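S.K.: One-letter residues, chain by chain:
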Amino acid sequence: MGNLEIKIKIRKIISKGGFGLSENILSSSLLIFLVTFSTYFISLRQKVMFNTNLNNAISDEIKRDIEIIKSELKNYKVSKNESDNISIIQNNSENCNEDILLTIRNLNSWNPNEWNPGSDKLSRSGQIKNKIFKGSKVKIRRIAKRGNPLLINREESQIDNSIVNIQYSVKLDKNNESWEIWSNVVLSNELKSYCPPL
Amino acid sequence: MKINFKFYLKSRNNKSGFVLTQVLILAIGLSLTITALISSAVNRLALTKIKKLELDARNASDSSITVLKSLFNNRKNRAFNYYWLQKICSENLNQEYCPIENRKYSGEDSIIKDMSSLYWNNESTNWCINSLENCFGRQIAPKCTAITNFSRGAKSIDWITFNSYISNFLNKEISISDHFGYDQKNNFQSFSLKSIDYYGDDRFGGTTSLLIEGISRKNLNSTIKTASNKLRVNIKVVPEIESSGFAFLSAGENDNDKNSIFLGNLEIIGDTGSILWRRNIKNSFECEKLNQITGISQLSSIPSNGGIWVQPIYSPPNPYINIPRNQIVKFGNLYCLDSLSNSTTCNSNNWGKINELERVFSINNLLIRGENSELNIFTSNTSKVTIIINGSVDINFGGKICHIDKRDFFRRCGSGKSSNLTLILKPEEGGVKSQQKLQCSRKGGISYVRNKITPNNSFILGNTGNDDSEIFTSFIYAPSSTFITAIPNLDYYQDSSNKNQIFIYRGTYSYLENISNIVEPIFFKDPEGNLLNFMSNYEDISKMDFFSNLYLVGVGQRSLENQPTSNTMLNMALVKKNNEYFLLGFIIENESAKFVKENTNGRVWRIFLGNNPFSVDNTGKSWISYYGIDLKRTNQFHSNINVEGALWAKNICFDKKIVNWEFKKEFINNLINRYGQEFNYGVPYYRGTSIEVWDTMRDFSN
Numbered sequence: 308m309g310n311l312e313i314k315i316k317i318r319k320i321i322s323k324g325g326f327g328l329s330e331n332i333l334s335s336s337l338l339i340f341l342v343t344f345s346t347y348f349i350s351l352r353q354k355v356m357f358n359t360n361l362n363n364a365i366s367d368e369i370k371r372d373i374e375i376i377k378s379e380l381k382n383y384k385v386s387k388n389e390s391d392n393i394s395i396i397q398n399n400s401e402n403c404n405e406d407i408l409l410t411i412r413n414l415n416s417w418n419p420n421e422w423n424p425g426s427d428k429l430s431r432s433g434q435i436k437n438k439i440f441k442g443s444k445v446k447i448r449r450i451a452k453r454g455n456p457l458l459i460n461r462e463e464s465q466i467d468n469s470i471v472n473i474q475y476s477v478k479l480d481k482n483n484e485s486w487e488i489w490s491n492v493v494l495s496n497e498l499k500s501y502c503p504p505l
Numbered sequence: 290m291k292i293n294f295k296f297y298l299k300s301r302n303n304k305s306g307f308v309l310t311q312v313l314i315l316a317i318g319l320s321l322t323i324t325a326l327i328s329s330a331v332n333r334l335a336l337t338k339i340k341k342l343e344l345d346a347r348n349a350s351d352s353s354i355t356v357l358k359s360l361f362n363n364r365k366n367r368a369f370n371y372y373w374l375q376k377i378c379s380e381n382l383n384q385e386y387c388p389i390e391n392r393k394y395s396g397e398d399s400i401i402k403d404m405s406s407l408y409w410n411n412e413s414t415n416w417c418i419n420s421l422e423n424c425f426g427r428q429i430a431p432k433c434t435a436i437t438n439f440s441r442g443a444k445s446i447d448w449i450t451f452n453s454y455i456s457n458f459l460n461k462e463i464s465i466s467d468h469f470g471y472d473q474k475n476n477f478q479s480f481s482l483k484s485i486d487y488y489g490d491d492r493f494g495g496t497t498s499l500l501i502e503g504i505s506r507k508n509l510n511s512t513i514k515t516a517s518n519k520l521r522v523n524i525k526v527v528p529e530i531e532s533s534g535f536a537f538l539s540a541g542e543n544d545n546d547k548n549s550i551f552l553g554n555l556e557i558i559g560d561t562g563s564i565l566w567r568r569n570i571k572n573s574f575e576c577e578k579l580n581q582i583t584g585i586s587q588l589s590s591i592p593s594n595g596g597i598w599v600q601p602i603y604s605p606p607n608p609y610i611n612i613p614r615n616q617i618v619k620f621g622n623l624y625c626l627d628s629l630s631n632s633t634t635c636n637s638n639n640w641g642k643i644n645e646l647e648r649v650f651s652i653n654n655l656l657i658r659g660e661n662s663e664l665n666i667f668t669s670n671t672s673k674v675t676i677i678i679n680g681s682v683d684i685n686f687g688g689k690i691c692h693i694d695k696r697d698f699f700r701r702c703g704s705g706k707s708s709n710l711t712l713i714l715k716p717e718e719g720g721v722k723s724q725q726k727l728q729c730s731r732k733g734g735i736s737y738v739r740n741k742i743t744p745n746n747s748f749i750l751g752n753t754g755n756d757d758s759e760i761f762t763s764f765i766y767a768p769s770s771t772f773i774t775a776i777p778n779l780d781y782y783q784d785s786s787n788k789n790q791i792f793i794y795r796g797t798y799s800y801l802e803n804i805s806n807i808v809e810p811i812f813f814k815d816p817e818g819n820l821l822n823f824m825s826n827y828e829d830i831s832k833m834d835f836f837s838n839l840y841l842v843g844v845g846q847r848s849l850e851n852q853p854t855s856n857t858m859l860n861m862a863l864v865k866k867n868n869e870y871f872l873l874g875f876i877i878e879n880e881s882a883k884f885v886k887e888n889t890n891g892r893v894w895r896i897f898l899g900n901n902p903f904s905v906d907n908t909g910k911s912w913i914s915y916y917g918i919d920l921k922r923t924n925q926f927h928s929n930i931n932v933e934g935a936l937w938a939k940n941i942c943f944d945k946k947i948v949n950w951e952f953k954k955e956f957i958n959n960l961i962n963r964y965g966q967e968f969n970y971g972v973p974y975y976r977g978t979s980i981e982v983w984d985t986m987r988d989f990s991n
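Top line first, the protein sequences correspond to chains A and B.
My numbering applies: residue 308 is where the first sequence begins, and numbers increase by one.
My numbering applies: residue 290 is where the second sequence begins, and numbers increase by one.
These aren't lab readings, by the way, just hints derived from the structure by calculation.
Values in this document were obtained by computation on a predicted structure and should not be read as measured data.
Keeping only pairs whose Cα atoms sit at most 20 angstroms apart, straight-line, the calculated SDA-like set for lysine to any residue is:
(1) LYS340(B) with ARG448(A)
(2) LYS954(B) with PRO503(A)
(3) LYS381(A) with THR978(B)
So that you can see chain B by itself, here it is in the shape it has in the complex:
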């Protein structure tokens, strides 16, 4: 027993007795640590929920594209379509990912720029050429809404409100969970827009690149992002032109064309199509005045699908570019002044190449004047005609272009398809004074400018037929010329069989010494050398001198032997001034017909005829007969102008005369078939369509 007790004590005193406690504590500690580690390892959130959170974030970013596409492709208000063309960057985004805006801007500085104060750089050389003001380029978006048949007026577009929608995308996260109410509290998805960039232009479209972040949070109030999907998406943007936006009439060539349209009593036949006025509008308060500025009558009809758009979109396509130069048959001047010429020189059947698909003719000037004078052009779908005019056109006092379809048995004027006849007034270049001399008057016709500057070419269309059934059908491309329907309210015109004729050349009166096709018109000038404007009326024009407000009615020459009772000048023009007639003498000098203001070479310069142009001299013979001037009454002609087709010109100056212009849908398709899709020219709307790049691996710091 004693030995056993000693042995026990010995073993108690052994150092290894402490191992039990040590092992126990260590074992418990180790177990807890391992348990915690294993538990956290197996229960990791990433393992169980990562794919769901990824899905949430990805769905959020996918949804952002849907929402943005839907907003920018908005159909209810096309103003949103212009945001495809924006360049925007969130303040939170690192600057290196921000797009560079190199387009000029005239608005207030802000993150989202006013689209109507942002300008295209492309084509700005042509647009800003000779600009008198500070020209930035063409406005990307319009300032004003269209004048429609419903609104009958334009309003300013509320860009500030629209910008606020876009700033929502940039400044805060847009939730996609809120539509399902409070039960979404444990699943919150949202997205935010980081930047928009656009590469391209307005003519061909381009690509819009969006940088977006889709976000997933545990709940609405959580500030921690449980997942994030950063996305770069490039979307193809295309300008589309609907038939309602097709520009049957387009006016305006450059930034200086502030008065390039006057619509007067225009009556549009057809329910689809638009009138485009290429012009920057600087201040939105101008929108309310557009009706007045365009001069359109409140009674005029406007298509229910379409309207009048004031917007400087890209320049119209040029049909001349595609014409092979060796295909052009050149004539001199084409003067159609009597019924004989109708069947000879002024008949396209006599111009050769009858059976060719595209027949192209080039002339210098075109004058069609007088009863039964017409230019007959025969076309068909298999024989189309293009006439390139290097000078001016004057169709007046009964003269008309009779466009006939070859298959039309009755050979009716206007039976030819408008898309089968193209008149091209060749574009001209020149200084600002020449380019801008002709402008529309706010009272109709062209405005009064009296100086020595030679203006651009003009196209006077004073007559289209003997009644409303005769229609001038054509496509007219005149990018630097002025189209005018205004003619003075005269009682008489000069018989077109007379040797000497008056020709409205470049919007001014000019003189034709004879009607041979090699004779070029020469300008009438006042004694100071100023050109004489062709005006429809001189109301409100301050009279500076005798030559300020003259209407030229006829012109003639007399021989030395054929002398009236008074020794008058050899060349005289019959003019009307304040309802009184005069014969005024002129001399041919430096290729111009210059009026004189005093007796010259012993000859009387002016004969007062009173209110009767047929006044006689002492021998009982009318004064004008000495000069070979025969007059005819103007009241026999139909006053309405009837046109079908399209006109793209620098200035379109109608007047109080009724102009019936038919907007035919068929014309659009035929024109596109003839020249190509780019001739579907008009007011575009922009659509983001196919996705070109979808880069979900994109990372960016923010």
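Just chain A, with the same shape it has in the complex:
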């Protein structure tokens, strides 16, 4: 078979719309494009999933912390009378007139007020409650301020101001400088529900 014959055969193949050079280049480009973007989206998805899980874990950590403080605030002035199988709320004058800010700062669960979840298995604040904290990069901080949301920029001597505002802030990377405000919550002492008027 001569050269011309071979060329004609190749032409015939090309002329039938088969896998030509352009198609080859195009399909390769598309494949690369798809693979690249798939990889990108998979990694993006993974990052988003990680952030979601991290957000959820931080929210859970904060929620847990609020519940612990609430529970301790409720129970710290309750004594047990085991002989009568009853609990007694110690609503004496001294307890009822406690400074709420001092009270909350003296709770066992308040300290430390800044912690690094997953940093130390042996401490309550550092123990891993969620595997996502394994890298122990996250830091959570809470700040308490006394104040009634009803009385912002206002003095009212007739309203009891024994309310504490707690602000939770988070550093997603403990090496970062800035804190991201996560959530606020207002707490007060449950004991006050059992205290007589002043």
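Given chain A's structure and the hints, the job is docking chain B onto it.
M.R.: Relative to chain A, chain B alone:
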């Protein structure tokens, strides 16, 4: 070469040559679409932040409960406590979620009602019974502050300002982010109150149901809610009574009792406890006048923990309800008129059942009068006494109730614990005229009403001992009776050994023909048939006729043979009128002792004795001696009244006489131990305590 060129042209002209452009454009379009879709899918806000936003909204709604509980449980001003009992609905809330207010209201229409113009429906049948005015019920909250030792006066409670705090909750979102300043700009949490509902009453408390929305926004200025937590919370509300609010004195039975207290020169011993006047105050300007209306002296002592409260709280609990009827030992009348009776009939050691824990006796009327006359009641923690009195009590002119603790070696009057002796004046029912005839005078004692109507029973306590060390210790429950310490300023009283006696029965003068315990008192009446009021003084009383302003001093009978120089009537009473004495004749008619105003059956109806009750007739014998009336001086008796315990009555009418009333904390505990927690009766404060329902799944349209 020629063949190749032809072949090329042929392939160029082939239709499939267009595929390249088409595929390219489609591929780019498809890629962009898929990229956008995938990107938006993986970066969805909901995936990354949903839990944080949920947390924000939930923290906001949780915080609202803290803020509301703190405000309604406010300790600095108990007026806020009454908002637990409110029913409020936001204008933004769908009406189907709004509570239904079925309590009566007399104030101006508004979203947040004036608590002092809102009325309880329960017990309103008793409260509004025979009401002369338009009676809505009992005010839920007071109009006035208490009179305390510090304030020495009452003021109107500023409900308008307090309502403004609550309207803040309803009308706008309350931010919980503002306390931390401007750095909160990217995290804004707030809450708003949608409705408050209350199920319950003031005696046992109830449940307050709050509908709340916690809101999260991206920032302060954003109008879009990024998350919302709608919450229904039911909180248990309990009325609590602190020892400072315990009502050692409680007056007022129903809406007509506008003059049911006069405190005069009351001296309260003890630093804790309250005086409760169950009365609606319609206008807040009355608050400033409460000192004057209650009649309390500016020099009177008021406990530093407690005060005088004018507030129609629920009616006092009744100790009679818990007494087994077969346990009651019935006597007739108990007349303790001489020292002999002290050791016989008027001595609880002779009444039997000595060793029983609860001894209950029922009598008709109790009269203790005269020097050394006393009713001795011995009690201990293991032998408590209850005396049910179906009629009236008159303790006067040296007579006293001597309550002695069985273990007290010296048998001192007042050594018995007040919680171990209960006197119950049985509640009476009747028309408005009978119920309301006895009222306190603004000058002390009871006010003057002269008519034929028989009033409710009375309890006259004119003497408690020979000096301040002798104290009357008791718990007195007299829900429809009038308690009076006022007695007229007389120089003489009738010797209690005399056969005939005067008895203050139902706040009026009555006659005892003899002192047998089966003899019932009969009313003295004027010739027109009007009953004669027992008054401490007749100042400012317009004198309509001779019988308008009489003090009855003694009463007696003479036999036909025992006739003075003038043929006077057989039954005569010694009366004092404008500092002059008279003997006035009366006849026994229709179970009453009716004075006459003219000579009757040929006998003289009236003898003028001048300013000397011992005036004599022509034979030199005193007129009163013909009638067996012996007089004794009144100045030998100790004038102060000394009491320890509690008194819950319809009317409490003291006078200018000093009344030392001891408010003992120990009494409260002992009374509760004896009768139960409900006897911790007084001015309540309301506390929202435990959370009964926490429904975060609640949805409502707004």
